[in-house]
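Chemist: Spelled out from the first residue to the last, the chains are:
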Amino acid sequence: MTEQDLALLYEQTPERNRGTSFHDDDRVDLQKASEGLKPYADIHPNDGAPSNMPQIGGLAVDGYKMNALPRTEAKPKSPDVATALNGGVGVMWLREQYDLGA
Amino acid sequence: MSSVFKKAFSLIVGDPSSAALTMPKKSSKKRPLKKLTERELIQLESEIGAKLFGDVPAGHRREFFCLDEKTWIWHEEFKNEKTGKMESRTIRYEVHETGILKVQEGARYSFIDGEELRNLVAAITMYYEQVARHVYGRDPRTGQKLA
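Protein chains in written order, with my numbering: chain U, 6 to 107; chain B, 6 to 152.
Among the hints, erroneous ones may be present.
Within a straight-line C-alpha distance of at most 30 Å, the following computed DSS-like cross-link-like pairs (lysine-lysine) qualify [to be verified]:
hint, chain 1, residue 1, chain 2, residue 2
1, B, 150, B, 56
2, B, 87, B, 56
3, B, 84, B, 107
4, U, 82, B, 56
5, U, 82, B, 107
6, B, 90, B, 56
The following residues of chain B were derived to be distant from chain U, with all beta-carbon distances above 12 Å [unchecked claim]:
hint, residue
7, 62
8, 85
9, 92
The following label-pair restraints were derived from C-beta to C-beta distances [as the list claims (entries may be wrong)]:
hint, chain 1, residue 1, chain 2, residue 2, range
10, B, 127, U, 106, 30 to 36 Å
11, B, 85, U, 101, 36 to 42 Å
12, B, 138, U, 104, 14 to 20 Å
13, B, 111, U, 106, 40 to 46 Å
14, B, 56, U, 84, 21 to 27 Å
Rather than coming from a laboratory, the hints here were simulated on the basis of the structure. Ideal Cβ positions, reconstructed from N, Cα and C, are used throughout, including at glycine.
Work the whole structure out from these sequences, hints included.
Modeler: Below is the structure:
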């Protein structure tokens, strides 16, 4: 996949192209969702996880947990969607930590 | 040459008596914390992602990666045996709160379910776990750096 292909994919992503996307109204407001994310350490206080660790850790190991969901008014309909959403949040968190040099 | 003119000349063309011109050293501090670009990180992640679905058939090239928090990309290139031409297929999976939308070329949209949904979610989970360990050197459960 070339740089150009990747750029095109970015452009085609509804998040970057609001107004022309498909099912805009159904998209999760991740900003809002992430505000409600409970720090991993709050749920597993004894394992010394950093306080800004997203919930993916708990989900990945222990499976779906209600208390691991973002506290949005509109919750994902299924555990699968919650896991997928948290997977993306987790990967972006890893990239962010890399960028921060943490 | 008057001293004023000499000074002005040297300001324009430099001091000919000085040592040979040297290129400024590339500042290694410009992006000290970003050795790899996001695209390079995605490539590294994708090498892991491509293997999550089993062996890649000979002559195929596969990529699977997280584009952003809500978007996952499957890309496969292969040679069409009949035409001999290279073909590619890109599928975008968008995570909506109501489900995961599969977007294919030709304006084909469908929310996935059943085995495809289970496989994708398992792949996303494995992707996170393996990428955390092997690309970022972090424990996927705690987020802490691995020793």
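Chemist: For every hint, state whether the structure bears it out.
Modeler: Right, here's what the structure says about each hint:
1. B:150 to B:56: Holds, at roughly 24 Å.
2. B:87 to B:56: At roughly 26 Å apart (the allowed maximum being 30 Å), residue 56 (chain B) and residue 87 (chain B) satisfy the hint.
3. B:84 to B:107: Status holds; Cα separation ~24 Å.
4. U:82 to B:56: Given that 30 Å is the threshold and the Cα spacing comes to 29 Å, the pair holds.
5. U:82 to B:107: 17 Å, holds
6. B:90 to B:56: 24 Å, holds
7. 62: 18 Å, holds
8. 85: 19 Å, holds
9. 92: 14 Å, holds
10. B:127 to U:106: 30 to 36 Å: 32 Å, holds
11. B:85 to U:101: 36 to 42 Å: 40 Å, holds
12. B:138 to U:104: 14 to 20 Å: Once the Cβ atoms are compared, 19 Å apart, the range 14 to 20 Å for residue 104 (chain U) and residue 138 (chain B) holds.
13. B:111 to U:106: 40 to 46 Å: Distance hint for residue 111 (chain B), residue 106 (chain U) holds at roughly 43 Å.
14. B:56 to U:84: 21 to 27 Å: 25 Å, holds
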